[in-house]
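A.B. asks: Here is what each chain is made of, one letter per residue.
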Amino acid sequence: MFLFLLALWLVFNGRVTVETVLLGLLFAAAIFAFMCRFMDYSIGKEKKVLRLVPLVVHYFFVLLVEIVKSTVTACRFIVSPTLPHDPLLCKFSTPLATEAARVTLANSITLTPGTITVSLDDGVYTVHCLDKSMAEGIESSRFVQLLLRMEEVTR
Amino acid sequence: METIRFILGTLFILAGLIIFIIEVFGNFRFGYVLNRMQAAAIGDSFGIVLCLIGTMLYFGWSVACLKLLFVEIFLWFSSPVSSHLVAKLEAETNEDLAKEVKMKTIGKEDDPCKP
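Chains as they are written, first to last, in my numbering: chain B, 1 to 155; chain C, 1 to 115.
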């Protein structure tokens, strides 16, 4: 988080000079201290998060590929005059335990065109799909596997 | 190099625009709210990314490019939240939901569920 804050500062600043880097270090440290004190962040947790970085990058690329694939599918449903779509509202649950992983999965499902998470209660997802073919295998997708691995790493 | 970047950027932006056109078309083609939202989600998640990648290619390696990356990340975090809220509202207030969509619980077959 500290590194992220520093990067954010440098990007918004637009120049990398000794002055901006020093000021950035100061402000990032101040904000991080505030977060540790009042917002349930801590250096130990940050170390765990740092180990997640490769998995997060992997997850991002999987998400991108899924979005491209389902965009093509959804565009086919829109453009084709004959292909009928069959909307479906399905409920399923996943073995994900932490709140963060559940929310990430819900966001990813909504982000992929053709599926929208309608509600999420205690790990039970209600997902609206444009066609029932999109709901196949949704409860054991690659997102879920990756998130399970992330949970193991941070445990 | 400059020309290649310009052509690539233009191609990305054009692809993004085509996706937006399909999205708008889908918005009018589908009759029901939740289906329309699916069409809208196409442009939200992928069309905007293509447009931003095109703009990033125009800028090249610079601070503006990184700022656009942050815009993209922010959009990807915020747009699912808003579409989720609209979808939830529709699913919880529509009494004739069963007419519009089929319902199914995965894991337990033949068990129609209520949202």
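One should not assume that every hint holds.
Here are the simulated SDA-like cross-link-like pairs (lysine to any residue), alpha carbons at most 25 Å apart as the crow flies [unchecked claim]: (1) LYS88(C) / VAL103(B); (2) LYS88(C) / PRO87(B); (3) LYS69(B) / LYS99(C); (4) LYS99(C) / THR82(B); (5) LYS48(B) / LYS99(C); (6) LYS47(B) / LEU26(B); (7) LYS99(C) / PRO81(B); (8) LYS88(C) / ASP122(B); (9) LYS47(B) / PHE4(B); (10) LYS132(B) / SER83(C); (11) LYS47(B) / LEU5(B); (12) LYS48(B) / LYS132(B); (13) LYS132(B) / THR10(C); (14) LYS102(C) / LEU5(B); (15) LYS132(B) / GLN145(B); (16) LYS88(C) / ASN13(B).
Please keep in mind that the hints were generated in silico from the structure rather than gathered at the bench.
Note that the structure is predicted; figures quoted are calculated from it, not measured.
A.B. asks: Each hint needs a verdict: does it hold in this structure or not?
C.D. replies: To see whether the hints hold, each was checked on the structure:
1. Taken as a hint, the LYS88(C) and VAL103(B) pair is honoured in the structure, with Cα atoms around 15 Å apart against an allowance of 25 Å.
2. Proximity of LYS88(C) to PRO87(B) is assessed by CA-CA distance (about 16 Å); at most 25 Å being required, the pair is judged to hold.
3. Taken as a hint, the LYS69(B) and LYS99(C) pair is broken in the structure, with Cα atoms around 29 Å apart against an allowance of 25 Å.
4. In summary, the hint linking LYS99(C) to THR82(B) is supported, as the alpha carbons are separated by about 21 Å, within the 25 Å threshold.
5. Taking the CA atoms of LYS48(B) and LYS99(C), the gap is near 47 Å; set against the 25 Å cutoff, the hint is violated.
6. This hinted pair checks out: LYS47(B) and LEU26(B) have alpha carbons roughly 20 Å apart, not beyond 25 Å.
7. Using a Cα cut-off of 25 Å, the hinted pair LYS99(C) and PRO81(B) holds, with the two alpha carbons roughly 22 Å apart.
8. Distance check on the hinted pair: LYS88(C) and ASP122(B) sit about 16 Å apart at the alpha-carbon level, within 25 Å; holds.
9. Annotation: proposed proximity of LYS47(B) to PHE4(B) holds, straight-line Cα distance about 13 Å (limit 25 Å).
10. Under the criterion of a C-alpha separation no larger than 25 Å, the hint pairing LYS132(B) with SER83(C) is consistent with the structure, at around 20 Å.
11. Taking the CA atoms of LYS47(B) and LEU5(B), the gap is near 15 Å; set against the 25 Å cutoff, the hint holds.
12. A distance of roughly 38 Å separates the Cα atoms of LYS48(B) and LYS132(B); the hinted pair therefore is violated under the 25 Å criterion.
13. As the CA atoms of LYS132(B) and THR10(C) are separated by approximately 36 Å, the hinted pair breaks the 25 Å bound.
14. In summary, the hint linking LYS102(C) to LEU5(B) is not supported, as the alpha carbons are separated by about 46 Å, beyond the 25 Å threshold.
15. Annotation: proposed proximity of LYS132(B) to GLN145(B) holds, straight-line Cα distance about 22 Å (limit 25 Å).
16. Only pairs whose Cα atoms come within 25 Å are accepted, and LYS88(C) paired with ASN13(B) is rejected, the gap being roughly 39 Å.
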